[in-house]
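Enquirer: Below, each chain spelled out in residue letters.
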Amino acid sequence: AQTVTQSQPEMSVQEAETVTLSCTYDTSESDYYLFWYKQPPSRQMILVIRQEAYKQQNATENRFSVNFQKAAKSFSLKISDSQLGDAAMYFCAYRSGTGAQKLVFGQGTRLTINP
Amino acid sequence: DGGITQSPKYLFRKEGQNVTLSCEQNLNHDAMYWYRQDPGQGLRLIYYSQIVNDFQKGDIAEGYSVSREKKESFPLTVTSAQKNPTAFYLCASSTSGGFNVEQFFGPGTRLTVL
Chain G
545 AQTVTQSQPE MSVQEAETVT LSCTYDTSES DYYLFWYKQP PSRQMILVIR
595 QEAYKQQNAT ENRFSVNFQK AAKSFSLKIS DSQLGDAAMY FCAYRSGTGA
645 QKLVFGQGTR LTINP
Chain E
319 DGGITQSPKY LFRKEGQNVT LSCEQNLNHD AMYWYRQDPG QGLRLIYYSQ
369 IVNDFQKGDI AEGYSVSREK KESFPLTVTS AQKNPTAFYL CASSTSGGFN
419 VEQFFGPGTR LTVL
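Each protein sequence line maps, in turn, to chains G and E. Remember, the numbering used here sits 544 above the position in the first sequence when you count from 1. Remember, the numbering used here sits 318 above the position in the second sequence when you count from 1.
One or more hints might be untrue.
[Claimed, not checked] Sample of chain G residues facing chain E (criterion: CB under 10 Å; computed from the structure):
#1 VAL548
#2 MET555
#3 TYR569
#4 PHE608
#5 PHE612
#6 ALA615
#7 LYS617
#8 VAL648
#9 PHE649
[Stated by the list, open to error] Each pair of labels, with its calculated beta carbon distance range:
#10 E:LYS388 with G:LEU628: 25 to 31 Å
#11 G:GLU596 with E:VAL370: 25 to 31 Å
#12 G:LYS622 with E:SER398: 42 to 48 Å
#13 E:LEU345 with G:GLY643: 34 to 40 Å
None of these hints come from the bench; they were simulated from the model. Idealized CB from N, CA, C, for every residue including glycine.
With the rest of the complex left out, here is chain E (with noise of 0.2 Å):
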């Protein structure tokens, strides 16, 4: 079955560690997307990319960075650098161009920082 899976569904990291979320999609879309998502808020872009080898800081990119090394994975590093990580993560995937251009979830991520 084509999705997008995360891995870990939950996961705990102590403070001054950096920690990388996992994304796989084999839908074979171009673009993937990673959202923040906090209680009481909607999702917030962190990074996305349209293709592979390039990305794009959305609008809080800080304290993290992505990479983007084969079309079917875009894996999230949350470092230490980011004051708040607590939060649940989601992300997404969609062909390029046009109306009928939907975003996919995959199932999240929720990291708690301890």
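Chain G with its partners taken away, still in its complex shape (with noise of 0.2 Å):
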């Protein structure tokens, strides 16, 4: 069974800052999708960015871009010129490429934005 970890509870970081959320997943299959979701205190899931595992290329969505190693199964998020709007809960998940597309998350990551 495919697992994946969070290993930062919480972060915190000062405004227009940059920040990296870490997360490892374990898995046996070659293909697969990550993704990062964000869950702010409406509790509303919002994804924020995907990568595909046969991808070398690290995908970006304007100040979001994720650190894909795969050998390593790491795929870190990284916000830059943080803003307040994002201070949330933030969470990892891990996607089979085959079979049902049910999604396994991490513990998930409170990133606090410091004014």
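Please dock the two separately framed chains into a single complex, following the hints provided.
Expert: Structure (structure tokens):
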């Protein structure tokens, strides 16, 4: 079974600075997808960014980018120019490339933005 | 507007009672999912359905039941057999197949057992 681990329960960053959230995963599959979801205080889950395992190029979405290290099974999220609205729980998630599209989530990292 | 609705937002249950959480989507998605979220933990999959009249157990299905009689609806029943049902429950849906298959989430239901 696949597992996802986020080793940082809490992180904080100064507004306008850069922060990196860590995620590691364990799988024996070669075809899979990885995601970062954001859950603000409203508790609505919002997709931030996604990565296909077979793509070497790291995904980027505006101020959000990932560092995907397939051999190390690492998938970190970098947030540049942090804004107050980035404060939230961030979850890393794994989905197999075959079969059902169910997600396996990490435990989450609570990100605080200091003004 | 297209989206996923969950009701009620807050639900209180006495021990020994069954309760049903509603999830409706108008996104024309084939697949639907139920997740449970506890403090300090990520989301865990309870049940999922990839097509009408079919569903599969997730990682923590014991004490829960579902039905999928309509494409738009995927209700979750929390039975009295669920030992610790107090949690936040999230419903999600997605299209089938491929990379760009984002799961869209509802706003959630907070269940408290009194």
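Enquirer: None of the hints should be skipped; say for each whether it holds.
Expert: Hint by hint, here is what the structure shows:
1. VAL548: Holds - the Cβ of VAL548 of chain G comes within 10 Å of chain E, reaching about 7 Å at its closest.
2. MET555: 15 Å, violated
3. TYR569: 12 Å, violated
4. PHE608: 15 Å, violated
5. PHE612: The hint is violated - PHE612 of chain G has no Cβ within 10 Å of chain E, the shortest such distance being about 14 Å.
6. ALA615: Cβ of ALA615 of chain G sits 21 Å from chain E, so the hint is violated.
7. LYS617: This hint is violated: LYS617 of chain G lies away from chain E, its Cβ roughly 17 Å from the closest one there, beyond 10 Å.
8. VAL648: 8 Å, holds
9. PHE649: OK, holds: PHE649 of chain G within 10 Å of chain E, min 3 Å.
10. E:LYS388 with G:LEU628: 25 to 31 Å: 41 Å, violated
11. G:GLU596 with E:VAL370: 25 to 31 Å: 29 Å, holds
12. G:LYS622 with E:SER398: 42 to 48 Å: With Cβ atoms ~46 Å apart, the hint holds.
13. E:LEU345 with G:GLY643: 34 to 40 Å: 22 Å, violated
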